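Asker: So the chains spell out like this:
2 protein chains.
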Amino acid sequence: MEKVKSYIDANKERFLEELFDLLRIPSISAQSEHKPDMVRCAEWLATSLVKAGADRAEVMPTDGNPVVYAEKIISPEAKTVLVYGHYDVMPVDPREEWRTDPFEPVVKDGRIWGRGADDDKGQLFMHAKAFEAMCETDSLPCNVKFMLEGEEEIGSPSLYKFCEEYKEMLKADIILVSDTSMISMQTPSITCGLRGLTYMEVEVVGPNKDLHSGLFGGAVANPANVLTKLVASLVDERGRVTIPGFYDDVRELTPAEREAFNEAPFNLDNYKRSLDIDDVAGEAGYTTIERTGVRPSLDVNGIWGGYIEEGTKTVIPSRASAKISMRLVPNQDFEKIGELFEKHFRAIAPASVKVNVKYLHGGAPYVSPTDMAAYKAAEQAIVDTFGKKPLPFYSGGSIPIISGFERILGIKSLLIGFGLAEDAIHSPNESYGLEQFDKGVNTIPLFYKYFAEAE
Amino acid sequence: MEKVKSYIDANKERFLEELFDLLRIPSISAQSEHKPDMVRCAEWLATSLVKAGADRAEVMPTDGNPVVYAEKIISPEAKTVLVYGHYDVMPVDPREEWRTDPFEPVVKDGRIWGRGADDDKGQLFMHAKAFEAMCETDSLPCNVKFMLEGEEEIGSPSLYKFCEEYKEMLKADIILVSDTSMISMQTPSITCGLRGLTYMEVEVVGPNKDLHSGLFGGAVANPANVLTKLVASLVDERGRVTIPGFYDDVRELTPAEREAFNEAPFNLDNYKRSLDIDDVAGEAGYTTIERTGVRPSLDVNGIWGGYIEEGTKTVIPSRASAKISMRLVPNQDFEKIGELFEKHFRAIAPASVKVNVKYLHGGAPYVSPTDMAAYKAAEQAIVDTFGKKPLPFYSGGSIPIISGFERILGIKSLLIGFGLAEDAIHSPNESYGLEQFDKGVNTIPLFYKYFAEAE
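One line per chain: the protein sequences are A and B, in this order.
Under our numbering, read the first sequence as residues 500 to 954, first letter to last.
Under our numbering, read the second sequence as residues 500 to 954, first letter to last.
There could be a bad hint or two in this list.
[As the list claims (entries may be wrong)] Dumping the calculated DSBU-like pairs for lysine-lysine here, alpha-carbon to alpha-carbon at most 30 Å: (1) A:K728 to B:K670; (2) B:K728 to A:K607; (3) B:K708 to A:K708.
[What the hints assert, rightly or not] Covered by chain A, per the in silico footprint, the following chain B stretches (three or more residues, Cβ under 8 Å): (4) 604 to 617; (5) 624 to 631; (6) 727 to 735; (7) 763 to 776.
FYI, nobody ran anything at the bench for these hints, they're computed from the structure.
Everything numeric in this text was worked out from a predicted model, so none of it was measured.
Quick reminder that beta carbons are idealized off the backbone N, C-alpha and C, glycines included.
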């Protein structure tokens with residue numbers, strides 16, 4: 500593996516320059532104006548993977564944004580690793596809070612700053628470059644397939660069908676994913692649990708036009724007021740979601756499991772200080788890491804209605820809306836939760852308004868077993884690069900497609916992410932540490948080695 | 500008065516053309532980008548008033564937008580009428596709901612369509628043209644002063660000081676205001692009550708940046724969720740404002756007063772149909788016209804936070820805000836209500852967030868006596884033009900400066916408005932009926948006549 504390491508060291512600068520080209524493409528999947536950027540980004544990646552050593556790389560159309568597929572088959576007998584990643588990124592608003600242009604990456608304080616620096620362009624590019632290093636040094640011990648999608652941040656709507664259609668082409672022994680975080684550089688971890696997600700949008704509709712709040716105020720239901728009532732009622736004073744049936748399928752941890760779970764290093768004071776909050780909040784009776792790791796949650800991701808510009812306008816808005824998402828845990832069914840939400844929201848709306856409820860996207864929770872060969876290989880690889888055995892970690896995040904992979908392709912996923920909480924993914928000023936990139940690109944070839952050697 | 504009527508009839512077309520020029524100026528006081536339009540609008544009005552017959556007209560600077568002052572003094576012995584109006588207009592959003600350009604007025608279906616067509620450019624221009632008709636036909640029986648401000652829609656912040664400063668110049672027997680509505684063209688009315696207003700803005704601040712709703716959801720207070728809780732709690736299930744002390748000074752009507760009040764013609768079915776709502780809503784135990792006429796209210800005028808664009812973003816917003824206004828009734832003090840609001844909002848905020856509370860503007864309620872000479876003169880003028888005695892009417896709206904006039908200048912106001920509910924002031928597609936304009940411009944000279952003749 501010394502050759503691989505030397506190759507990586509010798510080409511470090513070029514790797515970064517290439518990554519910067521990738522980060523410059525504003526591939527925001529949520530906003531349709533960026534459609535051309537999605538195609539441009541996919542083409543850039545296909546070209547890059549061929550240069551890295553792939554036998555073939557294709558930009559494959561879907562109903563939505565294209566999938567980049569590439570492969571290098573060294574032998575029918577060798578194990579096959581399917582690398583999954585996504586080249587789409589989150590929107591950048593509030594843009595005014597960015598200290599640098601989100602699509603003009605810069606290195607400062609040992610970190611790469613820009614949208615997608617971690618999630619997921621930075622992380623997927625580690626796989627491309629680790630692959631290149633293994634190819635160029637003739638040390639690739641497995642067949643490799645890449646499947647890079649452009650719709651992860653909007654719930655992977657096209658990838659399910661893509662997997663159904665190309666089941667044969669996608670055959671592999673493990674799916675390797677770097678789209679998650681570690682506890683810290685001092686406490687490396689492998690994600691073995693992901694929450695599921697159900698993402699809804701609600702609209703409360705009142706009078707057929709905005710009304711003068713003096714002439715009508717107090718006599719006509721104000722959709723913005725009603726929206727606050729309805730949304731506020733979705734979580735009770737003990738932090739529990741009030742939707743009937745919401746907790747029916749939640750697997751409660753045993754006391755022993757809870758104890759083990761809370762052994763992960765966690766410092767509440769540092770946590771609060773890093774977020775600049777005086778107190779945490781959440782479901783009564785659970786610790787902070789339980790609240791994000793094994794308990795479901797409900798968050799308003801966006802809310803709007805009425806006059807939101809400078810100054811005052813005395814208006815009763817005709818309508819008001821909110822985007823609301825719920826994080827789910829085993830064994831909650833994201834589609835059932837969507838139905839329960841819709842039924843409940845309609846039921847609690849007063850007669851003075853109408854409501855519209857829309858399901859936007861969702862995905863199932865996922866548990867990645869710690870006793871599989873790929874997990875052991877990743878564990879050993881991390882011991883080599885970090886000098887410490889990684890902890891199994893339950894992330895509060897969701898990658899809805901991961902459970903889809905198991906269902907459709909029958910392949911488990913290994914979630915070996917090198918992100919950190921401070922990377923601020925989905926937020927302004929996203930960044931990715933140069934050390935994280937370096938550790939990642941050096942850990943990946945070791946994974947291939949140990950995975951190839953495993954029984 | 501025949502000469503006046505003939506003059507108006509002969510010049511009708513020109514009056515409209517001039518009004519259209521006035522409506523084309525986008526004088527939105529809430530948005531600072533329109534500062535130059537405010538000055539342009541004031542200058543246009545001063546020029547127009549001189550042409551109409553004023554001895555002098557001036558654009559007088561204030562700390563904010565200028566005041567247009569004009570006068571014609573016919574005799575020191577004659578009564579003096581001070582006409583008040585405002586040339587600023589409301590913002591136009593949501594712009595996409597306008598069927599025509601808000602600042603390119605058109606006549607269609609017997610109505611003038613455009614921002615300010617009624618509120619208040621259309622209504623103040625009736626006074627300018629009635630004044631012109633009296634001047635040109637030598638039938639002006641009173642001294643006339645005009646005070647037209649450019650900040651009514653943002654709470655007249657500069658006019659209080661202006662009145663203090665020019666108390667002498669503004670001396671008059673009555674302030675004549677057309678900035679209100681009638682019940683209908685079949686049921687003319689004179690507004691004898693206006694609600695007061697306290698307009699606040701609140702912000703809930705959580706973590707120091709937007710967070711990933713998966714990694715943090717359920718463990719960190721979400722400012723948008725908290726905002727819905729706080730705002731929802733401000734009005735209880737019986738439609739009563741929960742701020743301690745809010746109702747302390749509210750004057751309750753006697754049963755006899757309530758009975759008289761509810762004698763005004765009102766058809767609930769038509770009301771609901773015109774708004775396209777299945778049910779009204781408001782304070783339990785009061786009728787719809789009581790709810791807007793004599794009871795206070797609390798409305799969310801705008802709410803925003805998090806991701807409000809197309810698609811989905813899984814984010815816990817760092818902050819969320821709302822604009823909230825309260826309509827007040829005699830004897831509520833708008834400044835005290837602002838203080839009670841702020842104290843209460845701070846008190847109910849949980850330790851997991853910080854809140855900012857800002858007072859934006861306000862004004863006192865007003866009651867215009869029905870036994871004063873000016874009221875009687877207006878009543879008689881309306882009998883002449885509408886063929887019916889007008890009803891005294893309590894409007895739910897507010898013109899905060901009106902109570903300021905009485906306090907500072909010691910002059911009462913007569914609220915003779917020709918608007919209708921269907922004019923949709925403050926909403927998209929504001930309009931003003933040609934018949935309303937015509938009735939107004941013909942009623943005003945009759946008011947002057949009867950007012951001059953009164954004891």
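Asker: All hints are to be evaluated individually against the structure, with a verdict given for each.
Answerer: Structure-based check of all given hints:
| no. | hint | verdict |
| --- | --- | --- |
| 1 | A:K728 to B:K670 | violated (49 Å) |
| 2 | B:K728 to A:K607 | violated (40 Å) |
| 3 | B:K708 to A:K708 | violated (35 Å) |
| 4 | 604 to 617 | violated (count 0) |
| 5 | 624 to 631 | violated (count 0) |
| 6 | 727 to 735 | holds (count 6) |
| 7 | 763 to 776 | holds (count 3) |
Hints 1, 2, 3, 4, 5 from the list above are not met by this structure, while the remaining hints are.
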